[in-house]
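**Q** Read off the chains here:
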Amino acid sequence: MPSIASSALLKHTREQALKMPEIVWADAELDEARGTSSLSSTTGRETRKMNTYQAIRDALSIALSTNDSAIVFGEDVAFGGVFRCTLGLAEEYGRERVFNTPLTEQGVVGFGIGYASMGSKLGNSTLGGRGMGGTAIAEVQFVDYIWPAFDQLLNEASKFRYRSGGQFNVGGLTVRCPTMAVGHGGLYHSQSPEGFFMGAGGLKVVIPRSPLQAKGLLLSSIRDPNPVVFMEPKVLYRSAVEQVPTSDYILPLGRAEILTTGSDLTVVTYGTSVYRCEQAIHLLTHPPEGTGIERTVRDALGDWRRSRKGQNTSSTPTIELIDLRTILPYDLPLVLRSLSKTHRLLIVHEGPTTGGVGMQIAGDVMSGFNTTSTTNESEEDVGRMRREAFLGLEAPVKVIGGWDTPGVALQYEKFYIPDEVRILDGLLEVLAY
Amino acid sequence: MLRRASSTLRPLINRISSLSTRSLGRLPNTQSPIVSKPHFFNSVTGDSNELIPAFRLIDGTGVPLDGAGLPELDEAFARKLYENMQLLPNLDNILYNVQRQGKISFYMTAQPPLPMTMSRPQGKTNACPGVAYALRRSPERSNSVAACFFGEGAASEGDFHAGLLLASTIPSPVVFIARNNGFAISTPSSEQYHGDGIASRGPGYGIDTIRVDGNDVLAVLAAVREARTRCVEQGRAVLVECMSYRVGHHSTSDDSFAYRARSEVEDRKRIDNPLARFRLFMETRGWWDAQAEEELKTRHRADVLKAFKRAETQSRWELGELFTDIYAGEEPWNIKEQRKELGRLLKKYGEDWEPWRRELQKYKNEGRDLIKE
Chain L
1 MPSIASSALL KHTREQALKM PEIVWADAEL DEARGTSSLS STTGRETRKM NTYQAIRDAL
61 SIALSTNDSA IVFGEDVAFG GVFRCTLGLA EEYGRERVFN TPLTEQGVVG FGIGYASMGS
121 KLGNSTLGGR GMGGTAIAEV QFVDYIWPAF DQLLNEASKF RYRSGGQFNV GGLTVRCPTM
181 AVGHGGLYHS QSPEGFFMGA GGLKVVIPRS PLQAKGLLLS SIRDPNPVVF MEPKVLYRSA
241 VEQVPTSDYI LPLGRAEILT TGSDLTVVTY GTSVYRCEQA IHLLTHPPEG TGIERTVRDA
301 LGDWRRSRKG QNTSSTPTIE LIDLRTILPY DLPLVLRSLS KTHRLLIVHE GPTTGGVGMQ
361 IAGDVMSGFN TTSTTNESEE DVGRMRREAF LGLEAPVKVI GGWDTPGVAL QYEKFYIPDE
421 VRILDGLLEV LAY
Chain R
1 MLRRASSTLR PLINRISSLS TRSLGRLPNT QSPIVSKPHF FNSVTGDSNE LIPAFRLIDG
61 TGVPLDGAGL PELDEAFARK LYENMQLLPN LDNILYNVQR QGKISFYMTA QPPLPMTMSR
121 PQGKTNACPG VAYALRRSPE RSNSVAACFF GEGAASEGDF HAGLLLASTI PSPVVFIARN
181 NGFAISTPSS EQYHGDGIAS RGPGYGIDTI RVDGNDVLAV LAAVREARTR CVEQGRAVLV
241 ECMSYRVGHH STSDDSFAYR ARSEVEDRKR IDNPLARFRL FMETRGWWDA QAEEELKTRH
301 RADVLKAFKR AETQSRWELG ELFTDIYAGE EPWNIKEQRK ELGRLLKKYG EDWEPWRREL
361 QKYKNEGRDL IKE
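Listed in order, the protein sequences are those of chains L and R. Those letters in the first sequence? Residues 1 to 433, per UniProt numbering, in order. Those letters in the second sequence? Residues 1 to 373, per UniProt numbering, in order.
Quick caveat, the hints were computed from the structure, so don't treat them as lab data. Careful: at least some of the hints might be erroneous.
As the list claims (entries may be wrong) - 30 Å max Cα-Cα, derived BS3-like pairs, lysine-lysine:
(1) K362(R) <-> K309(R)
(2) K362(R) <-> K348(R)
(3) K348(R) <-> K336(R)
(4) K103(R) <-> K306(R)
(5) K372(R) <-> K347(R)
(6) K336(R) <-> K362(R)
(7) K364(R) <-> K348(R)
(8) K124(R) <-> K341(L)
(9) K306(R) <-> K372(R)
(10) K364(R) <-> K103(R)
(11) K362(R) <-> K372(R)
(12) K364(R) <-> K414(L)
(13) K414(L) <-> K269(R)
(14) K348(R) <-> K309(L)
(15) K414(L) <-> K309(R)
(16) K362(R) <-> K414(L)
(17) K306(R) <-> K269(R)
(18) K348(R) <-> K414(L)
(19) K340(R) <-> K414(L)
(20) K414(L) <-> K336(R)
(21) K347(R) <-> K364(R)
(22) K372(R) <-> K414(L)
(23) K336(R) <-> K347(R)
(24) K37(R) <-> K414(L)
(25) K124(R) <-> K414(L)
Please model the complete structure; the sequences and the hints are all you need to start from.
**A** The structure is reproduced here in structure tokens:
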């Protein structure tokens with residue numbers, strides 16, 4: 001059974017890391033602009049073993065060294081942060097650029113909005129950044145404490161560009177915050193509130209699954225011309241270890257990633273749940289021997305095979321596992337493309353089910369009349385894809401999320417967070433339908 | 001033409017302006033005296049070089065300061081105070097170690113042992129005025145006040161400012177008690193505020209305020225008693241800022257020597273120890289001695305261990321409690337559905353899935369309450 005540490009989804013070798021799909025090297029982009037070429041995608045590039053907090057620290061360090069306007073701030077940031085993501089940055093870049101704030105989340109985010117709104121003469125950002133103000137990288141110590149800043153994010157940051165007709169923006173703002181459960185955080189240290197942000201048009205929400213992803217997606221978020229809330233799954237800070245390229249690179253926002261290809265069921269997830277889905281898929285092929293679970297799996301797969309009678313099918317279903325990565329705006333076309341093969345959909349996350357990301361995706365898949373078909377042949381016809389996805393479904397969409405309780409109760413945490421066996425059950429239910 | 005008009009009007013303008021200076025006198029919305037020299041200020045004491053004084057009754061050796069008016073206090077009450085104060089470090093020591101052994105997930109230390117309780121303060125400072133207003137409106141509790149405890153870090157939240165503003169504007173009897181222990185996790189108070197502590201904010205909201213030596217339990221007692229009296233009499237909030245120093249780590253997740261010197265902490269413990277100061281005070285009155293100290297430590301240790309053992313062996317509530325107390329009244333369909341879903345899953349996998357089987361044993365009825373449904 002794979003743990004987070006031994007997950008096959010993590011890049012354990014330099015070669016795997018450098019071949020990360022969609023990776024964009026900063027020097028390659030500069031070369032392209034200059035019409036020169038230096039390093040190829042893999043030769044001459046180094047990687048280093050990092051856990052997630054080290055990868056985030058590395059990204060912050062690159063952001064600070066490549067852009068003089070960049071500042072990093074938040075509660076307890078100067079001594080390294082409670083999760084060590086800013087360790088040594090104050091010493092390296094000075095307290096004017098890396099500093100503690102008083103304990104006020106609305107103050108922290110509001111400050112970032114103001115800084116990002118100012119056309120900055122300091123900026124010499126190498127990537128993106130044109131027409132952007134100062135680069136403000138704020139930290140909210142736990143996402144559970146982001147609510148005093150929600151007004152700032154929703155009523156100021158998300159509306160800044162829109163209400164000024166594009167004259168002003170706070171695209172330089174990135175708000176980092178630890179999210180999700182570690183298993184014993186209780187009501188105020190275990191929440192996954194991304195669902196509350198789904199209606200905040202103008203903001204982006206990003207949740208990485210690993211060190212390599214965290215570095216690339218964080219640098220993307222920092223350089224993206226839109227304000228981004230970057231949520232870091234806490235349990236991965238130490239447990240997820242990967243070979244991470246040491247140079248400057250980005251991974252695209254708004255793009256989901258297919259982690260394992262399959263043709264029988266699409267599983268969409270993000271953050272910590274990625275690993276639980278991997279474990280559940282492992283259980284599907286390796287149920288604990290001699291247990292009721294083994295019989296349950298056998299029976300369900302028997303039903304699945306019977307339902308596929310007459311079709312050319314293997315004896316075990318293959319699962320397409322998708323990491324959403326960007327939650328808002330998320331990559332619906334990729335989900336629909338996957339569904340056009342699998343016709344079955346399971347969505348997994350820790351946050352509450354009602355109003356959550358899963359229900360949003362389920363709703364988007366099923367509301368085919370919400371998009372007008374395009375006549376532009378170079379564009380994907382998302383409207384048609386939505387209608388076909390819905391009409392092609394072979395089972396109801398299943399969403400496995402946290403329960404609709406007001407938070408994650410400490411004593412019940414193990415039965416709140418969707419774990420591998422609950423996800424296994426979801427896989428079986430959708431497959432055998 | 002314009003020039004002619006203005007020269008004609010000049011005497012009239014002069015007359016109006018001299019009249020208005022006299023008749024205006026005060027500005028709208030304030031009774032401020034009028035001055036003709038610019039006066040910037042940055043102090044609530046009236047002198048920017050002078051800090052808000054701190055109220056102290058006994059010195060480092062427990063001896064009352066000259067002219068100190070000690071609060072009314074008999075031997076029994078003094079002993080009770082001391083015993084409660086002494087409980088906190090004992091509790092800290094034991095639970096800190098217990099956490100290190102992995103028996104509890106997290107512990108937040110209570111030191112320094114001020115006569116205060118811990119709370120989750122960030123949101124509560126906002127709710128206290130409403131609590132106090134409800135007390136005011138309850139005839140049988142018109143003599144009661146709300147007490148709101150928080151640290152200097154929590155006082156940076158907008159909630160604190162909103163709480164003070166409402167407690168004074170909509171007169172509400174709250175005693176706000178700030179424990180300024182110098183650190184909010186790693187952030188020293190020097191980076192938490194630039195003004196004269198938390199006390200300086202009280203007058204801004206029209207609130208009677210006092211700063212106290214928080215390591216002097218007698219000064220805290222006297223100040224809070226007086227605060228309570230004012231609170232009841234005026235029906236308005238009072239702010240007490242207790243100055244102290246956090247000798248413990250913020251919590252079991254914190255290693256404070258990453259941001260302050262160990263020697264600084266040890267010095268503090270030795271030089272200005274609230275327990276030692278009060279103990280010396282009691283000893284000079286013959287209310288306490290080494291034997292009492294030894295007995296107390298033994299008793300506290302036994303009490304804490306007994307309470308911990310009892311808590312440790314107690315099973316958790318039924319797993320179904322996960323879904324209770326979400327709403328009063330009719331339970332909505334989604335909660336019903338989710339309770340049933342968990343029951344179905346437990347029935348199907350509870351025996352066979354080892355992590356669940358182990359976890360279920362911790363609950364009363366081991367999850368059967370959900371399976372039955």
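**Q** Run every hint past the structure and note whether it holds.
**A** Checked hints:
1. K362(R) <-> K309(R): 15 Å, holds
2. K362(R) <-> K348(R): Distance of about 19 Å is within 30 Å: holds.
3. K348(R) <-> K336(R): 19 Å, holds
4. K103(R) <-> K306(R): Status holds; Cα separation ~15 Å.
5. K372(R) <-> K347(R): 9 Å, holds
6. K336(R) <-> K362(R): 23 Å, holds
7. K364(R) <-> K348(R): 19 Å, holds
8. K124(R) <-> K341(L): Since the Cα atoms of K124(R) and K341(L) sit roughly 52 Å apart, the hinted pair is violated (cutoff 30 Å).
9. K306(R) <-> K372(R): Violated, because 35 Å separates the two Cα atoms, which is more than 30 Å.
10. K364(R) <-> K103(R): 19 Å, holds
11. K362(R) <-> K372(R): 18 Å, holds
12. K364(R) <-> K414(L): 16 Å, holds
13. K414(L) <-> K269(R): Given pair K414(L), K269(R) is violated - Cα atoms ~41 Å apart, limit 30 Å.
14. K348(R) <-> K309(L): Given pair K348(R), K309(L) holds - Cα atoms ~27 Å apart, limit 30 Å.
15. K414(L) <-> K309(R): 23 Å, holds
16. K362(R) <-> K414(L): Roughly 11 Å separates the two Cα atoms, so the pair holds.
17. K306(R) <-> K269(R): 28 Å, holds
18. K348(R) <-> K414(L): 17 Å, holds
19. K340(R) <-> K414(L): 17 Å, holds
20. K414(L) <-> K336(R): 19 Å, holds
21. K347(R) <-> K364(R): 16 Å, holds
22. K372(R) <-> K414(L): 20 Å, holds
23. K336(R) <-> K347(R): Cα-Cα ~17 Å, so holds.
24. K37(R) <-> K414(L): 68 Å, violated
25. K124(R) <-> K414(L): 29 Å, holds
Violated hints, in rising order: 8, 9, 13, 24; the structure is consistent with all others.
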